[in-house]
Amino acid sequence: MTPVDLAAVISDGVHQAIQSGRIPGEAPREIHVERPRHRSHGDYSTNVAMQLAASAGLPARAVAEVLAPLVGAADGVAKAEVAGPGFLNITLESAAIGSLARDIVLAGDTYGRTDRLGGLRLNLEFVSANPTGPVHIGGARWAVVGDVLARLLETAGADVSREYYFNDAGVQIDRFARSLFASAQGSPVPEDGYSGTYIAEIAAAVLRRRPDVLTLPESQALAAFRAVGTALMFDEIKASLAAFGTRFDVYFNEKDLHDQGDLDAAVARLREGSHVFEHEGAMWLRTTDFGDDKDRVLVKSDGSWTYFTADCAYYLNKRSRGFERVVIMLGADHAGYVGRMRAMAACFGDDPDRHLEILIGQLVNLVKDGAPVRMSKRAGTVLTLDDLVEAVGVDAARYALARASVDAMIDLDIDLLTRQSNDNPVYYVQYAHTRLCAVQRRAEEAGIGKGTPEDFAPSQLTHERETGLLGMLAEFPQVVATAATLREPHRVAHYLEALSGTYHRFYDACRVLPRAGEEPDDRTRARLWLTEASRLVLRNGLRLLGVSAPERM
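For the sequence shown, my numbering puts the final residue at 576, and the numbers step up evenly by one.
Any given hint might turn out to be false.
As the list claims (entries may be wrong) - Calculated lysine-lysine pairs in the DSS-like style (CA-CA distance at most 30 angstroms, straight line): (1) K278 with K323; (2) K261 with K391; (3) K278 with K261; (4) K261 with K400; (5) K317 with K278.
As the list claims (entries may be wrong) - Derived CB-CB ranges, DEER-like: (6) R401 with A31: 48 to 56 angstroms; (7) S324 with R401: 34 to 42 angstroms; (8) A96 with H357: 50 to 58 angstroms; (9) Q42 with G95: 12 to 20 angstroms; (10) M432 with Y330: 38 to 46 angstroms; (11) G180 with A96: 28 to 36 angstroms; (12) P573 with G345: 51 to 59 angstroms; (13) A532 with G470: 20 to 28 angstroms; (14) P234 with R442: 43 to 51 angstroms; (15) N276 with G359: 19 to 27 angstroms; (16) A266 with T220: 18 to 26 angstroms; (17) E104 with P537: 34 to 42 angstroms; (18) K102 with G296: 39 to 47 angstroms; (19) T133 with G296: 41 to 49 angstroms.
If you're looking for bench data, these hints aren't it; they were derived computationally from the structure.
Positions of the beta carbon are idealized from the N, C-alpha and C atoms, including for glycine.
Please work from the sequences and hints to get the whole structure.
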């Protein structure tokens with residue numbers, strides 16, 4: 024029985040109590056179930072009585088006393104006891120605890136899925152690096168966190184569209200084109216241009232595609248370098264992200280917003296709300312009405328659009344595509360965007376708390392021998408995603424970036440992440456998976472199988488290390504749902520490390536396969552089911568992180 028299953032049992036008890044009139048009020052929207060710190064307090068605990076107390080007009084302990092016999096009478100529950108000011112401590116029957124191993128194996132890839140966010144249609148925009156150079160190491164963090172968050176949200180029932188905003192309009196693209204043009208001519212890159220060997224490589228690739236480009240008038244040559252160079256750079260960005268295990272459903276071009284008249288449409292919509300005004304020859308949006316620190320320019324006095332106007336048009340475009348919530352991931356250098364973007368959503372008549380969500384991620388440093396690595400082989404002083412992968416590999420890079428909270432700056436230690444030892448978190452978790460696979464291989468070689476589901480005897484799994492491992496396995500769906508709801512992918516990595524440690528302790532205390540001369544029995548088969556369940560949960564968790572689950576190391 025998982026916490027999700029138990030929450031349903033408790034919910035039934037609550038509804039019985041309300042319908043019978045023993046507890047006035049309404050049932051809470053969500054029932055929280057957690058593992059007590061001390062096993063003597065039962066297998067699970069819930070504060071549902073405290074949630075009900077206010078609306079019921081009763082002390083929480085009195086509510087818990089009504090619920091205890093109702094929950095205790097449910098199938099699979101051995102007893103439910105009132106504790107403290109109104110907690111309900113629940114002990115499961117041994118068969119109900121052990122049966123989880125079979126349930127997990129039968130569920131397979133689907134174990135961990137919930138409907139917590141069912142019905143939510145969400146647009147998740149992440150990375151969105153300008154196509155003027157390779158993805159830098161900060162973008163690599165979003166490439167992982169965004170990808171993992173999308174997987175978590177889908178596993179929790181949401182309908183997610185992964186989107187990359189391809190910024191192919193604006194001054195930075197002009198600077199990029201001029202840099203390529205200068206490199207192709209053998210001239211120094213402009214002072215405000217882009218540097219690095221990648222500029223020479225892209226310029227050479229443009230010349231191979233357009234051998235005549237340097238014979239064209241400068242304006243035409245720059246247009247060619249702009250179009251072809253940007254396409255080549257973006258193809259490279261896509262290839263790097265794909266090799267890193269990050270995929271997108273939509274690549275959205277900023278240029279399309281301009282070509283389709285979306286900026287004009289956005290301004291017209293904002294005018295309808297009486298939020299636009301003229302001042303000193305420029306057009307402004309009165310975002311201070313909704314908490315912004317200053318009003319924002321939409322059209323400059325020279326008639327040109329601002330970047331903020333494109334942001335407005337892009338947000339409106341997403342909402343017009345039917346997304347209830349727009350989630351945007353930005354680096355720490357964009358923290359100042361939060362206030363203006365929330366105010367912009369409000370100017371469109373949206374609720375910023377419901378329709379817009381902006382996540383800010385902190386910086387990433389690559390460290391070797393205790394000192395930051397600052398130089399990229401290809402991009403000059405900016406470390407890239409490819410540099411990171413070359414240094415530690417895809418699995419270690421993804422895991423290390425996913426296991427840290429996005430609001431914390433992190434140092435990725437090359438020496439640690441390439442070490443095959445238990446102090447390397449990704450190695451520790453992957454090793455647990457290979458150890459489980461090794462047990463299953465030895466069982467197969469000895470001709471020992473776990474049998475059919477009907478052969479499984481859950482009551483055999485009573486050792487404290489067995490019940491402890493089962494309790495950890497039961498937590499997985501709740502961990503996934505919480506990580507998705509709170510936008511905290513690092514919870515999954517921390518869970519996998521705790522599960523790995525719990526499994527290692529089980530392995531050391533409980534022999535799975537019989538010794539030489541001994542015959543396999545019901546306990547052997549039950550522990551093989553538990554072994555397979557543990558392997559599946561580790562694999563499912565690593566898959567959510569986009570990290571491989573090797574069978575041998």
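Practice item. Taking the numbered hints from earlier one at a time, note which ones the structure violates and give those numbers from smallest to largest. Key: Violated: hints 10, 12 and 18.
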